[in-house]
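In order, the protein sequence lines correspond to chains A, B and C. Residues 1 to 273 in my numbering are what the first sequence spells out, letter by letter. Residues 1001 to 1348 in my numbering are what the second sequence spells out, letter by letter. Residues 2001 to 2286 in my numbering are what the third sequence spells out, letter by letter.
The reader is advised that the hints may include incorrect statements.
Simulated DEER-style distance windows between Cβ atoms [to be verified]: (1) B:Asn1085 x C:Ser2252: 35 to 41 Å; (2) C:Ser2006 x B:Gly1120: 35 to 41 Å; (3) C:Val2248 x B:Ser1314: 33 to 39 Å; (4) C:Arg2122 x B:Asn1168: 43 to 49 Å.
Distance condition first, Cα-Cα at most 25 Å in a straight line; then the derived SDA-like pairs of lysine to any residue [unchecked claim]: (5) B:Lys1142 x C:Glu2024; (6) C:Lys2183 x A:Glu189; (7) A:Lys154 x A:Ala200; (8) B:Lys1162 x C:Pro2040; (9) B:Lys1236 x C:Pro2110; (10) C:Lys2183 x A:Ser192; (11) C:Lys2117 x A:Ile77; (12) A:Lys120 x C:Pro2110; (13) A:Lys247 x A:Asp258; (14) A:Lys30 x A:Asp258.
By construction, these hints were calculated from the structure, which means they are not laboratory data. Since this is a predicted model, take the numbers as computed values, not measurements. Idealized CB from N, CA, C, for every residue including glycine.
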Amino acid sequence: MSKIKVNNVYKIFGTRATQALTMSRAGASKDEVLANTNCTVGLKDVSLEINQGQIFVIMGLSGSGKSTLVRHFNGLIQPSAGEILIDGTDVAKLNDAGLRDLRRHKVSMVFQGFGLMPHKTTLENAAFALLTRGEKKEASLEQARIWLERVGLKGYEQKYPDELSGGMKQRVGLARALAANTDVILMDEAFSALDPLIRAEMQDQLLELQKSLHKTIVFITHDLDEALHIGSEIAILYNGELVQVGKPKEILEKPANDYVRRFVEKRVAKEMT
Amino acid sequence: MKKTAVKIMLAAGLLASATLVGTQAQQNSPSKYCAAGNTVKFAGISWESGQFITEVLRNILEKGYGCKTEVIIGSTTVTETALINGDLHVWAEEWEGFNDIVIKGVKDGKAKLVGKILQGGTVEGWFVPRYLVEGDSARGIKALAPDLKSVSDLAKYKDLFKDDENPNMSRLLGCVSGWVCDKTNDGKLTAYKLNSMYQQFRPGSQAALDASVASAFQQGKPILFYYWAPTSLLGKYDVIQLKEPKYNAKCYELEKANDPKACASATPSATLRINLNADFAKSDAALTRFFGKTSFSLNQLQKAILRISEDKISASDAAMDFLKNQKATWSKWVPAGVAQKLEASMMK
Amino acid sequence: MFLNLSITDPINNFVTWLVSHYGEFFHGITLFLLHYFLIPLELALRWIPPWAVLIALGLLGFHATKRFLPTFLFVACAYLIGCFGLWDKLMLTLALMMVSTFLCVLIGIPLGILTSKSNRLRSIVLPVLDVMQTMPGFVYLIPVLMLFNLGKVPAIFATIIYALPPLIRLTDLGIRQVDADTKEAAAAFGTSPWQMLIGVELPLARPSIMAGINQTIMMALAMVVVASMIGARGLGEDVLEGINTLNVGKGSQAGIAVVILAIIIDRISQAYGMEARQRRLLNGKR
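In isolation and in its complexed conformation, chain A is listed as follows (with noise of 0.2 Å):
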């Protein structure tokens, strides 16, 4: 069953959206549209299905639009044509309100820079999904108190972000999305800003607690080993172009065009050495 489904999203960027738009329907290139009209195309007819409960990877290099895509999902930019639909409803054509209760609700998000609030502890910090959206103050810090734990954070709960690793800041921005309770979580380059070892620890901690949680995930990041180790798909953007969607081994054995080949091919020769 599908949860979030994405319909012809364009995204461009500039004043001259509209004609642009045209040109870009038309087929024109990336490059063509920005020397006409000096406007940058984020995303070219992208389409997606994402299916409740597995962790769906966005892979792509930087530029590569999947950043932008992510934020599509939560209303943080509005496409400039197409669809987003969570649950069946259009993200696109919510208002203010509606989308402050999709984002209080339905999705929650974790940042690559962490995104935490410099002036609030961790514990306030954990809490600020549920305190956002008006939930009693004791049974939000408790809640997050409950997370925080499951990340492993206990006893860190009246530290300011500034005296956490960098690991145990991503932890609490986890702890975060985890505890607002939602189905969907975005997860932008969660753990690139990570050490290596780190990193594999949280990815791993990631499925033990899918396990039990059967979340919607959307991942995003630039790295091909991450995408393999926690996708159940992944979609590889391009350029803003949607290259490829399959599942691990779909890619690796049948990379669709030599962009992905590449991908691969660096993934095997860095295996190799």
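Using the hints provided, position chains B and C relative to the given structure of chain A.
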């Protein structure tokens, strides 16, 4: 108080800013000094009334007596000293008894004070707007204090002058902090037994004092304020001066010190005179006689000051105005021949 | 070469018109401010015995700085002002400054928030602030005085005109400088604009805003002498009298009292500008 407040600074000694010359045939001059071809040198004065009087005197000397004149600008101290030394001849508005250099100069016989240029002398005291006492039907202002004539009536009308900042007291808008009048006003409030009802409010600067008087008049509101004349402000607004008990030297000294035992006395009027270099005065009886007769009414001086400060006309234009319109006044100061000459020159 | 233009008369006429038609209205504002803010505050400050004020200052100083030496110096310096015989005037100046600062905060912080949200409003407000800061005080002092009557109220308005701009600027700047990623993270959890402002932007802009308040207080104190020129009583009165009578000693004594007051308030408000945690760290290190 004005003399210390307003001074023009001068670098050193005398800086001559020269002016002008009479072109009349000097031989015909009734003045011996001018007939000999000499130039009468005036001290430049920084305030409006002094400038006005200087210009009136100069015009009469030039056009009536056929003299050459010149104005030398300098600080009060510098020009007074120069006058005593004989470098200058005429100081046109001298506040008698205010300047130690002049007091000593007179005593030593080097300077001579002549005339009483302001009829009745200077005025200093407490004022209220005329509309407050008499009303002003044109502006729709009722007479709120019809019986307010002297300081002894203030107790009765204390509610009119309520101090916003201290509602139990009434406000006498007083004297700029640090001026002599500051203490005198407090002393007077004690002496007039008003200090339980009124307190002096110090405006902090003359600009502030003037502005609040102006504001009250524009709104037609009651105001009780300290002021002095001749000044442009009293020329501009129609005021009534509250009567005070007669000047009493001893009482006034106590008031000046804000002594709690002060007795009632008005501020003495200062006499405005013309200060002449003694040698110059001796050498020219005709001119000395003229200077001795010079005398303006307070109203005339106020008007002139007002024209200079408000209409921004020059002191010499104000002087010409006066000479053209107030012949009845100045013709008494000079012999008939001089008056004729002067008038003839103005006809041109 | 130049056209003969002058705005003298229109401005003069406008002020006269304002004074004669709306004098009562402005007088009402004066009375309101006096009776509900200034006079009660002044009465209270002058009624409290000086030793109680000194103790309160000590407690406040220690609460702010958490250190003994500065606290002791604050109290000692305030005591010194009392020794100069200026206690009463100190309280008057303090009351005036507190009311001015309170009004500045009341106006400045909301305005700073609004300008940080709207570039258009900002482009209108900033030039106005430039005018407020550079216009020579006496230009607006006299009309303000004519409208609000001589005394403390015009002094408060003049002080606000002069001391408000840094608070608006620094509030605006502080909010604009809040990290965009932090704000995005907060938004991603569905914060309302109000939650964003109260929970994220204002706390993170706090050092900047406190610096603004500090600046405002300092500038308000710098206006004390100017305020006394329009009849506001207090320490400025003595400075002015010192100037008018060439009594350099008297002027200096009152001047020193103003400086002491400024330093005490500056140190205390700066200490509060730091977050509690920052202060703890700072003290831990010492």
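Checked hints:
In this structure the supplied range 35 to 41 Å holds for Asn1085 of chain B paired with Ser2252 of chain C, their Cβ-Cβ distance being about 38 Å. At roughly 39 Å, the beta carbons of Ser2006 of chain C and Gly1120 of chain B sit within the given window of 35 to 41 Å. For the pair Val2248 of chain C and Ser1314 of chain B, the supplied restraint of 33 to 39 Å holds, since their beta-carbon distance comes to about 38 Å. Restraint check, Arg2122 of chain C to Asn1168 of chain B: a C-beta distance of roughly 47 Å satisfies the suggested window 43 to 49 Å.
For the proposed pair Lys1142 of chain B and Glu2024 of chain C, the alpha carbon gap of about 17 Å is at most 25 Å, so the pair holds. Among the hinted pairs, Lys2183 of chain C with Glu189 of chain A is consistent with the structure: their alpha-carbon atoms are about 18 Å apart, no more than 25 Å. The suggested pairing of Lys154 of chain A with Ala200 of chain A holds, with an alpha-carbon distance near 21 Å, which does not exceed 25 Å. Taking the CA atoms of Lys1162 of chain B and Pro2040 of chain C, the gap is about 18 Å. The hint holds against a cut of 25 Å.
Pair hint Lys1236 of chain B plus Pro2110 of chain C does not hold up; C-alpha atoms about 45 Å apart against a cutoff of 25 Å. Under the criterion of a C-alpha separation no larger than 25 Å, the hint pairing Lys2183 of chain C with Ser192 of chain A is consistent with the structure, at around 20 Å. Of the supplied pair hints, the one linking Lys2117 of chain C and Ile77 of chain A holds, its CA atoms being roughly 19 Å apart against a limit of 25 Å. Simply put, Lys120 of chain A and Pro2110 of chain C have alpha-carbon atoms about 24 Å apart, close enough for the 25 Å limit, and the pair holds.
Distance hint between Lys247 of chain A and Asp258 of chain A is fulfilled; the C-alpha atoms sit about 18 Å from each other, no more than 25 Å. Between Lys30 of chain A and Asp258 of chain A, the direct Cα distance comes to roughly 19 Å. Compliance with the 25 Å bound is thereby established for this hinted pair.
The structure fails to meet hint 9 from the earlier list, while all remaining hints are met.
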